[in-house]
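> Just so you know, the sequences run in chain order A and B. Take 1 as the starting number for the first sequence in our numbering and just add one per residue. Take 243 as the starting number for the second sequence in our numbering and just add one per residue.
Take these hints with a grain of salt, some might be off.
[Claimed, not checked] Simulated crosslink set (DSSO-like; lysine-lysine; CA at most 27 angstroms straight-line):
id	chain 1	residue 1	chain 2	residue 2
1	B	Lys377	B	Lys471
2	B	Lys269	A	Lys41
3	B	Lys347	B	Lys316
4	A	Lys155	B	Lys315
5	A	Lys83	B	Lys402
6	B	Lys362	B	Lys377
7	B	Lys531	B	Lys315
8	B	Lys377	A	Lys89
9	A	Lys129	A	Lys155
[To be verified] With the C-beta cut set under 8 angstroms, the calculated list includes, among others, these residues of chain A facing chain B:
id	residue
10	Gln111
11	Ile115
12	His226
These are calculated hints, taken from the structure and not from any lab test. We put the CB at the ideal spot given by N, CA and C, even for glycine.
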Amino acid sequence: MDRRDFIKTVLTTSLAAPLLIGQKMGQPTLGLYLISASPQKELPTLLDELNNLRLLRGRRFAFASAHPQQAALQAVLEARGWKEASPNKAELLINFAYLQQPARPSFTLIQDGRIRDLRSSRLYSLWQKMQAQPAVASLTVFSLLAAFVSPRPAKTLIARVRGEVIERLPLQRPTRRTVDTGSGRITFIVDAGQVKVVESTCRHRVCVASAAISLAGERIICAPNHFLLELEGDTWLDAVIG
Amino acid sequence: MLFAACRPHSGWHEVSLLYFDTICDLKLYGQPEECRVATEKVREVFSRTEALFSPQASDLHSPEVLELYQTAKKVYLDSGGAFDITVGVLTDLWGFSSQTYRVPKPSELRQALMMVGLEKITERQGELIIPAGVKLDWGGIAKGWGVDKAFSALQKQGIKSGFINAGGDLRCWGQNPERRAWRIGLKHPRQPGFLGVLELADTAVATSGDYQRYFEVDGVRYHHIFDPKTGFPAQGKQSVTVIGPEAAICDALATAIFVLDDATPLLRLYPDYGAIVVNSEGALSFVGKTFPFSLIADSR
């Protein structure tokens, strides 16, 4: 598929997100975009090529969304020694979406935000065969590294009471602080780049139960004490939930 | 004579409010005065939501109460009773209302379960009729509802882009400051750091987790999301995040899916919604509609 067609078809789907995030973050990304009604037929040849190019890092796969050919794809992968795993353990994440408009069957490998030329003769004949088929709207994305973005450690801790900054602490210096917030007392420790609340006089103690935080954008909130710990640093996140 | 009006520039405005026992973040794009008025509207909506749906609330006839009751009833019926606002008696029994946490005796649980089930409530002449002993707990839906109402108020004020994040019940619309979809980090239910990043536009999200409110006895974790059939905290999951058009529905579905063994039949009834489920072994799965989600490398 040429660059223009790829942009017109694939980038209009939600499945372009990992690609765009990876590009934005300067992360290594690798995604195989396959427009086909029966991707299980083309997958063996494509996997061989990726293997020859030493682009496969493991043999665990997972489906990130329901796929109309899930059982067939699973059978192809398992026959070639792949094992199904949880998506957070898999080296190959399979995603599916419908294109807004049908397109000629094709495959495109995107590495680090750029289309990578695949020049083997086997792939050329596969390409020719696919191009002769009628247009389809099924897009399968095989993300190899594309789905994984690295978090960024924070540099500074900011402690607030009722919205006012009461302290700014470097995360690399171990310390223990107890703050009287006017509504209660709360104690937190900073150690090895992480922050954790260890004691609080509040009711539910959700703050004490919260996991340690270390990444830019993460927060620990103690609402009864009107107390907030937040980590400052480069972040690509607009909000944090969970 | 000509008067030159000097219109202040639009920009991003951030404010944190304290409601629902958590911090609610607003990020709004507009002119300073426009955003100030919009923030006041959100305060009004959240205050009203707290007044109507807090554990102490007793209003059973306001239009908002009847509206949310209908939404809760729909999810109750669709989920086969997995989401049920009558679990209030269980919340009390396990000590989550009074912070006197304890594991109830089987006889106490049997007694309490007789007071659970939304069919015990009737709506008559614009009022909810609640039998003695039945107690409503709006905790699984009210915050999401408040976020939806705040969103509507902000839309009416002409705020074209922004987000509301009420302690994890979130609604975003328009574009982020980089003119792209909003990037929402989803915290890992057990480990420090993030599970992944959602890229969303004009969407709501809500999460139910066993880590939000819980106590432990003899190494067993007892959390606040009850299975209305057994009276015990629901087993088998660490967290459920639901993404879809409305925060109230996301909120209720997250609770229902946390309780259900299989979310697929329920989400077939809600084709615009999808869920990210972390089971008790920490394995991740996706159910229903797919949304752009990127895993975080160090959760591997």
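> None of the hints should be skipped; say for each whether it holds.
Checked hints:
1. Lys377(B) x Lys471(B): holds (16 angstroms)
2. Lys269(B) x Lys41(A): violated (48 angstroms)
3. Lys347(B) x Lys316(B): Measuring from Cα to Cα gives roughly 32 angstroms; hence the hint is violated.
4. Lys155(A) x Lys315(B): Measuring from Cα to Cα gives roughly 47 angstroms; hence the hint is violated.
5. Lys83(A) x Lys402(B): violated (46 angstroms)
6. Lys362(B) x Lys377(B): holds (11 angstroms)
7. Lys531(B) x Lys315(B): holds (23 angstroms)
8. Lys377(B) x Lys89(A): violated (43 angstroms)
9. Lys129(A) x Lys155(A): violated (54 angstroms)
10. Gln111: violated (17 angstroms)
11. Ile115: violated (20 angstroms)
12. His226: With a closest approach of 7 angstroms, the His226(A) hint holds.
In summary, the numbered hints that this structure violates are 2, 3, 4, 5, 8, 9, 10, 11.
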